[in-house]
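S.K.: Work the whole structure out from these sequences, hints included.
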Amino acid sequence: MKRRNFLKACLIGGTTVALGKTNKGWASGSFEGYPEAMGVLVDTTRCVGCRSCEAACNKEQSLPEPDTSFDDKSVFEEPRRPTAKAYTVVNEYEKKSPGGPVYRKMQCNHCNEPACLTSCFVNAYTKTKEGAVIYNSKVCVGCRNCMIACPFNVPGYDYDSVTNPVIKKCILCYDTRLKVGKPPACVEICPQEALTFGHRADLIKLAHERIRANPDRYYDHVYGEKEVGGTSWLYLSRTEFDKIGFDTTLNNEPIISNVKDFLGMVPMVLSIWPALFSGIHLLSKHDTQQEHGHDTESTQEDR
Amino acid sequence: MPSTKLLILGALAIGAISVTSPATATAVPDSITLNQNGKLYQPFSFDHAQHILLIKECSDCHHHTTGTLVLDPNCARCHQNSSPTAVVSCKGCHSSTPFSPETLAEKRAHKERFHQDKMGLKGAMHENCIGCHKKMGTGPAGCQDCHPRNAKGDAFYSADRKGAKPAHAKEH
Ligand code: SF4
Ligand code: SF4
Ligand code: SF4
Chain A
13 MKRRNFLKAC LIGGTTVALG KTNKGWASGS FEGYPEAMGV LVDTTRCVGC
63 RSCEAACNKE QSLPEPDTSF DDKSVFEEPR RPTAKAYTVV NEYEKKSPGG
113 PVYRKMQCNH CNEPACLTSC FVNAYTKTKE GAVIYNSKVC VGCRNCMIAC
163 PFNVPGYDYD SVTNPVIKKC ILCYDTRLKV GKPPACVEIC PQEALTFGHR
213 ADLIKLAHER IRANPDRYYD HVYGEKEVGG TSWLYLSRTE FDKIGFDTTL
263 NNEPIISNVK DFLGMVPMVL SIWPALFSGI HLLSKHDTQQ EHGHDTESTQ
313 EDR
Chain B
866 MPSTKLLILG ALAIGAISVT SPATATAVPD SITLNQNGKL YQPFSFDHAQ
916 HILLIKECSD CHHHTTGTLV LDPNCARCHQ NSSPTAVVSC KGCHSSTPFS
966 PETLAEKRAH KERFHQDKMG LKGAMHENCI GCHKKMGTGP AGCQDCHPRN
1016 AKGDAFYSAD RKGAKPAHAK EH
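Those sequence lines, one after another, are chains A and B.
For what it's worth, this note's numbering labels the leading residue of the first sequence as 13, then goes sequentially.
For what it's worth, this note's numbering labels the leading residue of the second sequence as 866, then goes sequentially.
Careful, some of the hints might be misleading.
Unchecked claim - With a cut-off of at most 27 Å between alpha-carbon atoms, the simulated DSSO-like pairs for lysine-lysine come out as follows:
| # | chain 1 | residue 1 | chain 2 | residue 2 |
| --- | --- | --- | --- | --- |
| 1 | B | K904 | A | K194 |
| 2 | B | K1017 | A | K97 |
| 3 | B | K1030 | A | K71 |
| 4 | B | K976 | A | K141 |
| 5 | A | K107 | B | K999 |
| 6 | B | K956 | B | K921 |
| 7 | B | K956 | B | K976 |
| 8 | A | K194 | A | K71 |
| 9 | A | K255 | A | K238 |
| 10 | B | K1017 | B | K904 |
| 11 | A | K191 | A | K238 |
| 12 | B | K1000 | A | K108 |
| 13 | B | K1030 | A | K85 |
| 14 | B | K904 | A | K97 |
| 15 | A | K238 | B | K976 |
| 16 | A | K85 | A | K107 |
| 17 | B | K983 | A | K191 |
| 18 | A | K107 | B | K1030 |
| 19 | B | K1027 | A | K97 |
| 20 | A | K194 | B | K956 |
| 21 | B | K1027 | A | K107 |
| 22 | A | K85 | A | K108 |
| 23 | B | K1027 | A | K71 |
| 24 | A | K71 | A | K85 |
| 25 | A | K107 | A | K255 |
| 26 | B | K1027 | B | K904 |
| 27 | A | K85 | B | K999 |
| 28 | B | K1000 | A | K85 |
| 29 | B | K904 | A | K85 |
| 30 | A | K217 | A | K238 |
| 31 | A | K191 | A | K97 |
| 32 | A | K141 | A | K238 |
| 33 | B | K956 | A | K217 |
Said to hold, decoys possible - Residues of chain A placed beyond 10 Å of chain B at every Cβ, according to the derived structure:
| # | residue |
| --- | --- |
| 34 | P113 |
| 35 | C155 |
| 36 | D187 |
| 37 | K238 |
In short, the hints are calculated from the structure, not lab data.
Even glycine gets a Cβ: it sits at the ideal position worked out from N, Cα and C.
M.R.: Quick look at the structure:
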């Protein structure tokens, strides 16, 4: 306990000194998320595995052409993970279940207290008031801390741009849709309305109401309501969540604790880390405007 | 005062759903063109008459709005004795823009409403049709079994990429 507090103090102190300002809510521990945060409720009992959401995301986010068409069901042979080229993937579980297979869409869950954000020393991540966790490639130094920190193993690394490190993940369609109140592209395309868009607080009530009204249809849990401090994407399932690929070992504490433990393994690096990355960052960016050596503003606008 | 029949016809004629009936027109359409404004899939004709013969209970699809009394016990709690409503078309209740800022604001302004979680038009129709077809073990359940894709749809699903690379090509 004492070590943790010490590490936390070190982290906050180090980051504040190095970056001038921090808007991270580490110390809160019980941050409930922004009151007006939006979210998506994924009802896996409605999903038919059509992969239309994958296609919609590909077009909306101008991602590269897929390896195979979006109506190719052979992709279900092996479970997939989101990558820099596909921010969302649908996997098939319970293949031999008498109730038929279960499909589950996965993407960034847009955590209330994102581990990617707290682990990032150059403030490349921002949790917007609309609930989206967005990312600024202009300040990213490519350290991939966020990839290790994310409890859902989400951020993808774009290996194609060697000189300009780019982490890529679902941004809840922030730039093109969420910002102006529109539902994400994947939600809009879904033929089954397996994806319900709305205020996170409303979606939680709605999810519990679905369980109450159809106790035979649902396992009594809303994944993402509490896990790792709560996420903007929430899930309903017919079976226990670990049967359809969810990590049910995560506790309700924000994942920053884990990040601290990870960093605790390298306490010496801790003290020099911010300076180190600021330095690497400057070298790699050759940005003449940043004469004072620090990026104190995450300018998401100029993405 | 307009008759119920006219009201029903009026409701059905609004917007994207068009109705064709024989000369001896009743209020019940024999076929309905669905997906008229489809962007990725073609419009198609829904054989309403055939479904009436097969299903008989109007409420199986139309809930409490028309015909036989509602059967679902959950609905019957309120609609046990509901009289037929003026609007019976799907789109009369199920919004085609369920997640627009306007719809969400409207929902939030009426939190007391029971039907907070009403599906949008697209979701409701797919759930109703495919759900029943699967349960009955008959009837189309695949996307293109009802509405063939158009050229835009082929591009959207990157149809030309099918099998371009093995589906599980490693990233790195
Ligand atoms: S799911 Fe991972 S990448 Fe997404 S906000 Fe949470 S920690 Fe960040
Ligand atoms: S919210 Fe947008 S970016 Fe995220 S998976 Fe859906 S379409 Fe892709
Ligand atoms: S579009 Fe909807 S039904 Fe189709 S795979 Fe995605 S979540 Fe499932």
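S.K.: For this structure, which hints from the list above don't hold up?
M.R.: none
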